[in-house]
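Each chain, letter by letter, is given below.
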Amino acid sequence: MDLTQTLEIATCTDPGMVRSHNEDSIAADPANGLVVLADGMGGYNAGEVASGMATTVIVTEMRQILSNAKPYEVDQKNNQEIAARMVREQVLKANTSIYQAAQSQPQYAGMGTTLVVALFYDNRLLVAHLGDSRLYILRDNKFKQVTRDHSLLQEQIDSGIITPEQAKKAAHKNLVTKALGIDPTVEPEIHEYPTKPGDIYLLCSDGLCDMVDDEDIGMTLQTLGANLKLAAQQLVQMANDNGGRDNVSVILVRVLREYPGAKGVMAKMFAWLK
Amino acid sequence: MAKLILSMDGLVLKEIPLTKERTTIGRKPHNDIQIDNLAVSGEHAVIVTILNDSFLEDLGSTNGTVVNGSPIKKHFLQNNDVVELGKYKLKFVGEAAPAASGEKADFEKTMVLRPSAMKAAAAAAGAAGGGAQAALAQRQAAVQAAAASAQATLADKDAGTKPAPAPAPAAAAPAPAAAAPAAAPAPAPANRAGGQPLGAIQLLSGGNAGKELELTKPLTTLGKPGVQVAVLTRRPQGYFITHVEGTKRPSVNGQEIGAAPHSLKDHDVIELAGIKMEFFLKA
Numbered sequence: 001m002d003l004t005q006t007l008e009i010a011t012c013t014d015p016g017m018v019r020s021h022n023e024d025s026i027a028a029d030p031a032n033g034l035v036v037l038a039d040g041m042g043g044y045n046a047g048e049v050a051s052g053m054a055t056t057v058i059v060t061e062m063r064q065i066l067s068n069a070k071p072y073e074v075d076q077k078n079n080q081e082i083a084a085r086m087v088r089e090q091v092l093k094a095n096t097s098i099y100q101a102a103q104s105q106p107q108y109a110g111m112g113t114t115l116v117v118a119l120f121y122d123n124r125l126l127v128a129h130l131g132d133s134r135l136y137i138l139r140d141n142k143f144k145q146v147t148r149d150h151s152l153l154q155e156q157i158d159s160g161i162i163t164p165e166q167a168k169k170a171a172h173k174n175l176v177t178k179a180l181g182i183d184p185t186v187e188p189e190i191h192e193y194p195t196k197p198g199d200i201y202l203l204c205s206d207g208l209c210d211m212v213d214d215e216d217i218g219m220t221l222q223t224l225g226a227n228l229k230l231a232a233q234q235l236v237q238m239a240n241d242n243g244g245r246d247n248v249s250v251i252l253v254r255v256l257r258e259y260p261g262a263k264g265v266m267a268k269m270f271a272w273l274k
Numbered sequence: 001m002a003k004l005i006l007s008m009d010g011l012v013l014k015e016i017p018l019t020k021e022r023t024t025i026g027r028k029p030h031n032d033i034q035i036d037n038l039a040v041s042g043e044h045a046v047i048v049t050i051l052n053d054s055f056l057e058d059l060g061s062t063n064g065t066v067v068n069g070s071p072i073k074k075h076f077l078q079n080n081d082v083v084e085l086g087k088y089k090l091k092f093v094g095e096a097a098p099a100a101s102g103e104k105a106d107f108e109k110t111m112v113l114r115p116s117a118m119k120a121a122a123a124a125a126g127a128a129g130g131g132a133q134a135a136l137a138q139r140q141a142a143v144q145a146a147a148a149s150a151q152a153t154l155a156d157k158d159a160g161t162k163p164a165p166a167p168a169p170a171a172a173a174p175a176p177a178a179a180a181p182a183a184a185p186a187p188a189p190a191n192r193a194g195g196q197p198l199g200a201i202q203l204l205s206g207g208n209a210g211k212e213l214e215l216t217k218p219l220t221t222l223g224k225p226g227v228q229v230a231v232l233t234r235r236p237q238g239y240f241i242t243h244v245e246g247t248k249r250p251s252v253n254g255q256e257i258g259a260a261p262h263s264l265k266d267h268d269v270i271e272l273a274g275i276k277m278e279f280f281l282k283a
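Chains as they are written, first to last, in the working numbering: chain A, 1 to 274; chain B, 1 to 283.
The shape of chain B in the complex, shown without the other chains (with noise of 0.2 Å):
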């Protein structure tokens, strides 16, 4: 269950739940959250909550909503955003999640929902998966950061400097230490595609002989279309080469490839379309 913690000049004053579907935010006494100061409007703002996703609306306040810094009509609010009400601050905290990692599977299932099963989805939510979601968000952004940490890390290797280790998903992602051993598993295809050695290829006949081409793409094509073309795919496990058209196949090392990709390693010798060109590993 996300909660608000309601603070002013760095004190904490009250810690509320958001279990209800809209929480309201205003001075005047009916509101779920009153907070009795001038600058705060009577009705100021409302929270809808639906399953683990809130939003923040502001009602058309006099002074705003500020949301970290910047003054919103609208926002979805993520884990740790803080919402300023004149001196008040209400910090948005999103469920930390001690969930089974079974739970999890199931969650990320499709499922269809109806108005009449919403209410009922959104308690199973809260009661089985509850923390399951917001694990489940934490893991894909614990993937991002280690993605874009991963590339950064190609980016460095790019510019000819040393290449730093793979970042610990645990390290780049702000998950909480219950959520940590789940984001484990999740980010590791990620670190292995970006901190796999960067592929190249170097025209060894042709008109173009001695010209060199990264291949930083996922995917790269060669040749001549019409004639004969082949794809380099760049994938976790390696580079691999697969004929894509044209009656002959592209050789590897003499010998001419199945219809199957096929892995390419260190210095390999491809020939196609009439061209040799040598892949190689950047070190």
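Excised from the complex, chain A in its bound form (with noise of 0.2 Å):
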């Protein structure tokens, strides 16, 4: 089923006001419902490297199973939808991929590379990341975190050593947990969750929730909804007027209407006799 019609999508990414290069990668792939997000870290260039891979391996490696499969089709053996482990494993491809590239090649030695992923389906989203990329939702005009960060800070914020205001001030907050192409394995965290028309979801590097309050994000949603294209543009903005240390980067998606899985009544009929 082709989303085209069912998403806007818009995306914006801005190497910021001090670093001289962009090690943020970001893609979308409309007609598929497939949004990634993946902000790169590694010495010289090798941040942009590792960034890169996690986009073009999970974008293109999705492309190629999406034409064959449906995500929401059912897994004859497990009795579960293919969607998740489809995610899963390509995201555990990209880590391969960095991993080697980066124990082969001296110059790219430990780079590695946070991910966000999100892919719409069958009126749902299943989002999969690894590291301190967000997604955030506004929804009935309620902006909220969706994911949490595997960050130090985050972990600190959990166990209630310190709490959210003082994590504002914590010098640590670019330590995160999990990250792709470190080891040689990784486990990303995956979740599933309805959409409804109307929604907008962002997906972003750190160096714009670092910049920007989640307040002011919320705002810039709310008010600029309408131009999506815009709103991304603004967010960028705001970051970079907030002094813009690190990258930034922006993908914004719009549910414009329903999109259930073209899924036939006979079809359910049968899945629900086995």
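The set of hints was computed from the structure by calculation and includes no laboratory data.
Careful, some of the hints might be misleading.
What the hints assert, rightly or not - The list that follows gives simulated cross-link-like pairs (lysine-lysine, DSBU-like), each with its CA atoms no further than 35 Å apart: (1) K91/B <-> K169/A; (2) K91/B <-> K74/B; (3) K20/B <-> K169/A; (4) K211/B <-> K74/B; (5) K276/B <-> K169/A; (6) K229/A <-> K276/B; (7) K77/A <-> K229/A; (8) K91/B <-> K196/A; (9) K142/A <-> K28/B.
Unchecked claim - The following label-pair restraints were derived from C-beta to C-beta distances: (10) E187/A <-> K91/B: 37 to 45 Å; (11) G258/B <-> K168/A: 33 to 41 Å; (12) D266/B <-> K229/A: 44 to 52 Å; (13) Q145/A <-> E214/B: 27 to 35 Å; (14) K168/A <-> D266/B: 34 to 42 Å.
Where is the CB? At the ideal position from N, CA and C, for every residue including glycine.
Each chain sits in its own coordinate frame; assemble them with the hints.
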């Protein structure tokens, strides 16, 4: 099912005001309802290599698979939908590619990337993430963070050592506990959420949420929601106006209408009978 | 390296650097910091240090642990916090920062943290960027302080008083002299954003003619949703108007604006959804 008419997608990425190059990578495949954002790390230009590999591998592999299968198809073996497995496998594939490149080529040693992948299908959204790149949702004028960072700071907040207010002052915002391409294997966090027409989803790198308060991001989406492209540019501009200390990347996705999986009544009956 | 300064009745007794991940405080001799006083429990409290952050935790002591006058169970230690144990005082001093700015930028980059790498990272942080993080925290504090005072300046202006000059960042932040040069570049944008004159629009036609709207928010939308909407953005460089939706674009001084944000000057006349309004800067 082609989702080009169902999802409105706007993207914007910028090196920021301090860094000379952009280590973030973004990719979107509107027809398949797939968006990917990665924030690379590692010396010289290895960061952009890692993030670039992550987005490219995931988008091309997913496109390949989605041309033959539907995410909501049910796996006969374990009676589960294949979407989560599909995304997980591609994330692992990207992990292996980056890890091997980092191992085999000295100039890429130690490179890695954060990742957030969103796959829209059957009135739902599947999110896989690693590290501190985030997904937010704006629904009924309420703006909320969906993913939870894999970072030292978040772990400290969770264990009650520090409060979110103290976290804003903490110096080690930059330490992530999970990333793609660092270890031979990795387990992405995967969740599924129902979507509603009118929802706006924001994927962003930490260059946005470190520089701009969630409140201001939410306000921007509320006021400029009518013009997604402008909203994306505005968010990047706000991060830069506040100092732009890191690369800033933004992907906005608006759900325009329902997009149920093309399951026939017969197919449903059949699945139910089994 | 952060440290604690132990004192009693204003007399400094000892300086204790926080080198270990866990530094225990208590009356019994096996503690890292032994305070031989009956008001102090055998195992009174512990300070857990992770990279450059230190957390104080009370270990269920009889008389409790007090930080800056309030009893705590768990506390994220900030520079100059004073921990009271009976008659004894422990002052927490974060690190002074004679760090090169290059290291700082590097350290701000996203890094992955693995359990195995954690010790190495801590060591590297201590050796190379040790001071950098403290400087960074101070710089952030300086930005916040500068922004806060800049806002205060604005509030003054709103009240009609003469605006005070933008406060010097070094004065606004309790940063040690060593960190002051590092603090200088960062607060600048914040100062500009706050120090810029406040803009407002006054409606010139329509039912609400004469009405005035102050542009205090970073974004203000104007127009009728579904017909024609524009947004006024407040940026360090000044105010801009951008077309958001509708087939017709707003015009400024009779000229229709393009797709890009259009910079607004004092006394520009905007026409939007059939209504004229004047943009002006408040003195």
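Going through the hints against the structure:
1. For the hint pairing K91/B with K169/A, the CA-to-CA distance comes to about 20 Å; that is within 35 Å, so the pair holds.
2. Pair hint K91/B plus K74/B holds up; C-alpha atoms about 16 Å apart against a cutoff of 35 Å.
3. With a C-alpha separation of about 23 Å, the suggested pairing of K20/B with K169/A holds against the 35 Å cut-off.
4. Only pairs whose Cα atoms come within 35 Å are accepted, and K211/B paired with K74/B is rejected, the gap being roughly 52 Å.
5. Distance hint between K276/B and K169/A is unfulfilled; the C-alpha atoms sit about 45 Å from each other, more than 35 Å.
6. Using a Cα cut-off of 35 Å, the hinted pair K229/A and K276/B holds, with the two alpha carbons roughly 27 Å apart.
7. Proposed proximity of K77/A and K229/A is contradicted: the alpha carbons are some 43 Å apart, above 35 Å.
8. In summary, the hint linking K91/B to K196/A is not supported, as the alpha carbons are separated by about 54 Å, beyond the 35 Å threshold.
9. A distance of roughly 54 Å separates the Cα atoms of K142/A and K28/B; the hinted pair therefore is violated under the 35 Å criterion.
10. Checked against the given bound of 37 to 45 Å, the beta carbons of E187/A and K91/B, roughly 44 Å apart, stay inside it.
11. In this structure the supplied range 33 to 41 Å holds for G258/B paired with K168/A, their Cβ-Cβ distance being about 38 Å.
12. Checking the proposed 44 to 52 Å range against D266/B and K229/A shows it is violated: the Cβ atoms sit about 29 Å from each other.
13. The beta-carbon spacing between Q145/A and E214/B, approximately 31 Å, falls within the hinted interval of 27 to 35 Å.
14. A hinted range of 34 to 42 Å holds for the C-beta pair K168/A and D266/B, which are about 36 Å apart.
In terms of the numbered hints stated before, the structure departs from hints 4, 5, 7, 8, 9, 12, listed from lowest to highest.
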